[in-house]
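Asks: Chains as they are written, first to last, in my numbering: chain A, 1 to 298; chain B, 299 to 591.
I should point out that these hints are in silico values taken from the structure, not numbers from a laboratory.
A quick note: this is a predicted structure, and the numbers were derived from the prediction, not measured.
Keep in mind that the hints are not guaranteed to be accurate.
To be verified - Short, incomplete list of chain A residues facing chain B, as computed with Cβ under 10 Å: (1) 73; (2) 141; (3) 145.
Stated by the list, open to error - Here are some chain B residues pointing at chain A (derived, C-beta under 7 Å): (4) 400; (5) 439; (6) 441; (7) 444; (8) 458; (9) 461; (10) 488.
Backbone N, C-alpha and C fix where the C-beta goes; we use that ideal spot for every residue, glycine too.
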Amino acid sequence: MSTAVPRLPDHQLSALAGAYAEAVAAKRRQLYIGLGLFVLAYIVAGIVAEVRPTTFFTNLWRFTDYIGRIFTLEQGAAAGRFVLFDVVEWMWGFDKWMKLLWETLLIAYVGTLIGAIGGFAFSFLSARNLTPNSTIGFLAKRWLEFFRTVPEIVFALIFVVAFGLGPVPGVLAIALHTFGALGKQFAEVAENIDMKPVDGLTATGATWSECMRFAVVPQVLSNYASYALLRFEVNVRGAAVMGFVGAGGIGQDLVEAIRKFYYSDVSAILVLIIATVMVIDLATERLRHHLIGLDQRS
Amino acid sequence: MTLPATEHPLRLAARADRDGLMQRHPAIFHPSPARRIRAGLVIALLVGLFGYGLVVLEFDGARLVSGIGKLGQFLWFMLPPSTDTWAKFFVYLHALAETVAIAFLGTFTAAILALPVGFLVAKNIVPNVVIHFLSRRIVDTIRGVDELIWALIWVSVVGLGPFAGVLALICSNFGLFSKLFSEAIEAADRKASEGIASSGGGKLHGIRFGILPQVLPIFGSQVLYFFESNTRSATIIGIVGAGGIGLHLAEQIRVLEYQHVSALILMILVTVGIIDQVSTRLRFALIGERAAP
């Protein structure tokens, strides 16, 4: 089957082709200007950040060397060989590190839970459709924004001075940051609910808190739990580096191993952290799918 | 609580028909014991683990109270935010510029590097199971290492300074962008590339004219979104010596100069706010206001 495409007469065609070429040229010009600006910004940023490509390439062997070195045993019968030749020697501190990892997980868990409770309460105050009045809503939003924007490690630095070294400042720092982050995500969920049950309850004379309890919470709970689990996952990574500033967990041992050049320890701890993070990722993903499934069935 | 004298007719009607309502919706008035027990167990587990965590992590009331007291003192000392001298302010401003530069270079270099890798990791471009699995695991591993850890490693390779920070951000974002890009490519509409294949185009033509125009705006939007979050990350990698304002922040906290600390935090908040605004504008311009997450 063949169809003939009707061809416009040349004088009409040339006008259209000209307009097309011009439109394409305009777009190209815009693209080149954008690219030029980008390259300029890139170069300026490179100068400000003291990028030294030559140092980088002359030192690149150090990086590969470093990676090779952390996977080489330093002591024991298999010294100088790949770590897997003597796993017992490589993982000599396994019990200690697992204990610290467990502490890390607990820091993340307790921090997430405290933050989630705060975020839960504030989500109803700050959600645009539920807020009891607009001033409270505005204040709650700014409050959450502040806690979300300040990185948790900055809170941890300050809390370490106030509460002393140990896991307590780590938990509180994670709790505060989680409070801000989850408060916002929860509020977004709450802004997307079906308002009919709320209207129905208001019509029967229910108070604000009764409305929240019986009309809003049943709709949002599974989504809230899903976001809280996701945040827990993020917080496990965050808790792993809390030890860098003395706020508990496995980070303390990692930073010591890196700073004091205990090469094989670095890789051992990194492998344990990555494995833990992956296990947590998989577990929370399954739980979340389960939760979302529950929501869709009911 | 006293009820108002005139009750809403809807409420009266509901109360009059209470028995009928209970009969028609037994699941709401009397949830099944199995459900109640399950909910109770979940709550007991959550609370139990919480209590256990508090004990293991050595929470105790006296320490908390004294710590909160100290925090209140710090807050008092923090006001008003001040850097004492203008010279100090310009030092901080320079560090802030460094931070933004680190975030910019880290984000966009990682994006450029991740672009080809994203195509390699995508299942519909390279349909080889082994390559797909291996590349995914490698990308996940790179992503699993926090940028602070990358910063520490790069500091021991290229020395202290912002350059180590740039490299750290490139590493952690490279993993992230490879994953995000490959997901966007896998979700791309195949009709365009099929049309190109049917009119005689090769596989590369299909990618260039069929997939790239669809995914580039999404990539741009994602990269801009993470530029803002990377500015925040770039403020903290200075804590381990990788340049930027974090170095000053950690130092001022350690020497208890609280007015400087609050000034620094304020400067960071303002910068992050500005970058957030700018990147949101650019994202809307790229993909339209409604589609932006």
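Asks: Confirm or reject each hint.
Replies: Status of each hint after checking the structure:
1. 73: violated, 19 Å
2. 141: Violated, because the Cβ-Cβ distance from residue 141 of chain A to chain B comes to roughly 13 Å (cut-off 10 Å).
3. 145: Holds, because the Cβ-Cβ distance from residue 145 of chain A to chain B comes to roughly 9 Å (cut-off 10 Å).
4. 400: Because about 5 Å separates residue 400 of chain B from the closest Cβ in chain A, which is inside the 7 Å limit, the hint holds.
5. 439: It holds, given that the least Cβ distance between residue 439 of chain B and chain A is near 6 Å, below 7 Å.
6. 441: violated, 9 Å
7. 444: It holds, given that the least Cβ distance between residue 444 of chain B and chain A is near 5 Å, below 7 Å.
8. 458: violated, 11 Å
9. 461: holds, 6 Å
10. 488: violated, 25 Å
In terms of the numbered hints stated before, the structure departs from hints 1, 2, 6, 8, 10, listed from lowest to highest.
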